[in-house]
Amino acid sequence: MPTDIVMPQMGESIVEGTITKWLKKPGDKVQRDEPLFEISTDKVDAEIPSPAAGVLQDIKVAEGTTVQVNTVVGTISSDGEASAAAPKAAAPAAEKKVGPAAPFAPASSAPAPAELKAEPAPAASSAHEEPEDEHARSSPLVRKIAREHNVNLSQVSGSGLGGRITKQDIMAFIEGHGQGQRQTGAPSLSSPTLAGQGGGASAPAPAQAPKPAPAAIPGDLVPLTNMRKIIAQRMIESRRTSAHVHCMFEVDITRIVNLRNKLKSGFEQRNGSRLTFMPFFVRAAIIALQQFPIVNASLEDQGIRYHRHVNVGIAVALDWGLIVPVLKNADELNFLGLQRGITDLGERARSKKLKPEDVEGSTFTITNPGQFGAVFGLPIINQPNSAIMGVGGITKTPLVVTDADGNDSIAIRSVVHLTLGYDHRLIDGAVADQFMAYVKKTLEGWGEDVG
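Position 4, counted from 1, in the sequence shown is what numbering that gives the first Met the number 0 calls 3; the numbers after and before it change by one each time, with no gaps.
Take the hints with a grain of salt, since some may be wrong.
Said to hold, decoys possible - Here are the computed lysine to aspartate or glutamate pairs in the EDC-like style, where the Cα-Cα straight-line distance is at most 16 Å:
1) LYS395 / GLU443
2) LYS261 / GLU447
3) LYS261 / ASP448
The hints are simulated quantities; they were obtained by calculation from the structure and are not laboratory data.
Produce the complete structure using the sequences and hints provided.
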């Protein structure tokens, strides 16, 4: 008997999911637990493994479609049933290809397993799409742009995971090779603008600026992705729920910058993980949260919930949106544990390997707009947290420095601006300032071993 493929329930509160990409097409062989399709829910984007080994018999739900959990989205037949089932499944599969596509599918999806490379990816935008080179993996939108501008995708270098060609890659290629390749009647391109979100699958160094990304083609109406709809909803809900107030502190982290420069090479050799600035800020926040537990609390049923542990949500910018995975029980981790946990969450977020529980249960959030050059930000609180700390860019600044004898001088120092967004219903301004002053003191007088 064929095995049903169902939309899984990725968490107790999740009632529906959107299929963003099928990684197999009808007639393909699949192994049990092999990635079969990608989904997007209000909690997380994830790859869904095959429930059985056999052959993908048919696809019942097309890409871009949102369905309730436990809905049958396809079936898998055993190898013995495949020969009879495959021809029957071919026609529906072709019809699904010419149906409404998801032009807004994530530009940087997780790489397909090695055994998939011999098969071309299933077309989602048109039944007349020509087969592409196996290395030129891309989204339907990228292929559409390539056709309009007579671009051979095999000539375009992909910066996405597994060499996947993103929209930014194709547009940069077109801009770099002039406008002569455009087909008659194709819309013109506007000037490139800096992407609002960088640091996606290509994983640039934290200090590196994001790649310039051309603006959308004028006249196009691109539907919101499921993730973007959820982000919009959550931001409005947070603004309506919390009484947002912000305070900002200037912090001299010259000591930390020098320490990192001195230790980063040996740290990576010993521990197999890069030494970044983020664990310094996370650790300083944890120490301050332990001194001011109200900042780690939440309003709940006309009362205050004081959380037993510090679960730090760390915002990760993706090519296709923003997600906040959670480092659980961060107060019990040493510095090395924090660095490894932060690195792991970031990598799994970019490769769509997060589970629903990885994005739930945060008690405090940290976001880092400074990695893209922002001096500071005024972040929106991640509900049901009561506070969020924004980390600005690290810059060299002339500061007045006072020595032990009280003598003043001007020195070049490495400075960062930290912003705390807090819910004034729960946290008073004086407490917020005291909390940030403690963070500042911890960072400026850093004396903890980094491992």
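Could you tell me which of the hints above the structure violates, numbers in ascending order?
Result: no hint breaks.
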